[in-house]
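Colleague: These are the residues of each chain, in order.
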Amino acid sequence: MRAVITVIGKDNVGILYKVSGICAEMGVNVIEVTQSVLQDMFAMIMLVDITGMNKDFAELVDGMTSLGEKLGLSIHTMHEDIFNSMHNI
Amino acid sequence: MLNVYNILETIRMIQDECLDIRTITMGISLLDCIDTDIDKACEKVYNKIVAKAGNLVATGQKIEKEYGIPIVNKRISVTPIAMLAAACPNESPVKFAKTLQRAADTCGVNFIGGYSALVHKGFSAGDEALIRSIPEALDVTQNICSSVNIGSTKSGINMDAVKIMGQIVKETAERTADRDCIGAAKLVVFCNAVEDNPFMAGAFHGVGEPDCEIHVGVSGPGVVRSALAKYPDASINELADIIKKTAFKITRMGQLVGARASDLLGVPFGIVDLSLAPTPAVGDSVAHILEEMGLEMCGTHGTTACLAMLNDAVKKGGVMASSTVGGLSGAFIPVSEDAGMIDAAVDGVLSLEKLEAMTAVCSVGLDMIAVTGDISPETISAIIADEAAIGMVNTKTTAVRLIPAIGKKAGETLEFGGLLGSAPIMAIKDKSPAKFINRGGRIPAPMHSLKN
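Going line by line, the protein sequences match chains A and B.
Quick note: the first sequence uses numbering that gives the first Met the number 0, first residue 0, plus one each step.
Quick note: the second sequence uses numbering that gives the first Met the number 0, first residue 0, plus one each step.
Hint data in this document are derived by calculation from the structure and do not stem from the laboratory.
Some hints could be false.
Unchecked claim - From chain A, some residues computed to sit far from chain B (all C-beta separations above 12 Å):
| # | residue |
| --- | --- |
| 1 | Gly26 |
| 2 | Val29 |
| 3 | Leu70 |
Unchecked claim - Derived pair list, reagent style SDA-like, types lysine to any residue, alpha-carbon separation capped at 20 Å:
| # | chain 1 | residue 1 | chain 2 | residue 2 |
| --- | --- | --- | --- | --- |
| 4 | B | Lys61 | A | Ala57 |
| 5 | B | Lys64 | A | His75 |
| 6 | B | Lys51 | B | Gln100 |
| 7 | A | Lys69 | A | Gly8 |
| 8 | B | Lys64 | A | Leu66 |
| 9 | B | Lys39 | B | Pro88 |
| 10 | B | Lys61 | A | Asp80 |
Here a beta-carbon is modelled for each residue, glycine too, at the ideal position from N, C-alpha and C.
Chain A on its own, in the form it takes in the complex (with noise of 0.2 Å):
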């Protein structure tokens, strides 16, 4: 089971590690990150494998979400479904 964390906001130090520390924190394994700066906007996706989590799926949205709000970042925790079937028939 994967997941997919999608970081937009205003580029500050450290965002890259305070969002992979959580990740690192309840088991969830990073796979794959996908990153651009364009100016001094920070957008970020990180694709994360769920299946050894140690918490439950909504600490994670609810450890992002108020980490996002702390850093004055928007931060989006969702599980991958929701794009597979959006997008794929």
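For this one, chain A is given, so just place chain B on it according to the hints.
Modeller: Quick look at chain B alone, frame taken from chain A:
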């Protein structure tokens, strides 16, 4: 394969274009709760609903977290209560309404629908008592919705029921006049009612349905409007294609959520209702889609044609995205719940007559329309008869949810707040249809050959 564009598109639809799952609705059969002792029947009803739907809200919230998509309402639909009331002829059916309210409070759902009677060919035991009790039931409860089916293509229109419903709609509004006549907003009169509708106020659980199942109603007018906005010079058939593709994506979301809910709750999956259901929120309006197609304002000449195309394209796109489609499926045009419709009604461009024409080509009917408080019950009945005739002849579902604004005049507004929005009060014709309505009887079913 996941790609960046698709991921960002999904997030944009949810964040900026108001995409949501409008409702997951659990349909529960109450046929096994029938008892000649009304107190026993009520206890069985309460116990069954709580046993089946106790986890509905928590499950909905879990799915919201998992997929990051809001599920705005969690609802329950039940077997038409008139069937239970039939077994207790000397008791007031309002006891059932109060029981449903108690169950709604315990489960934490937004609405329970099914305080209903099906009288399209005639009244059976329990039907008339239930219909007469609707004003009181909707007055003393908050989250209960009621519907009455008064006609069908196969049986014609029961004009005796139409006459009574005019009185009932008016009385329901009067009893809740201190709350902006909210009672009438929870009451729908149908022709060709469907048995698996997840949307309120008309949801009930038909007798042909399984014991318990999960339906999903999707939304997403904002997504369709923004998709069209990217192609200002496209031809109409190109627009239809864009709508189909967008409806496919929206419906897939509904299918995913429904399948997941059915899995978590251990209840069979019923249907996805492919609907564009607007809300009063900015950017969530069906009227604005029509305006995006090229109308200066919804309600002007050309509106019926645009709506017909929209409604058809939504169905064509959605039907492939779901394993089972049902309910009311199509574009909804509830006036008070749609920012663009409200503006058009205030401006006088969108009239009752134009709305009636629009209902011939789209989902449902005259929905959430406030009319002057001095409207006569016969005029309400006549509006119901007109709308039912459109449904009967065109083999489609039509409905009337009129709100007589007691003590108010045309040009004023009723404010409901929340999803129900605000309704500009519309003028009605002052010539009486009373003699026609008072004749009673039945309009015979139409023939379906020699079509013209």
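Colleague: Hint by hint, note whether the structure agrees.
Modeller: Hint check results:
{"no.": "1", "hint": "Gly26", "result": "holds (17 Å)"}
{"no.": "2", "hint": "Val29", "result": "holds (14 Å)"}
{"no.": "3", "hint": "Leu70", "result": "holds (17 Å)"}
{"no.": "4", "hint": "B/Lys61 to A/Ala57", "result": "holds (7 Å)"}
{"no.": "5", "hint": "B/Lys64 to A/His75", "result": "holds (10 Å)"}
{"no.": "6", "hint": "B/Lys51 to B/Gln100", "result": "holds (16 Å)"}
{"no.": "7", "hint": "A/Lys69 to A/Gly8", "result": "holds (12 Å)"}
{"no.": "8", "hint": "B/Lys64 to A/Leu66", "result": "holds (16 Å)"}
{"no.": "9", "hint": "B/Lys39 to B/Pro88", "result": "holds (14 Å)"}
{"no.": "10", "hint": "B/Lys61 to A/Asp80", "result": "holds (15 Å)"}
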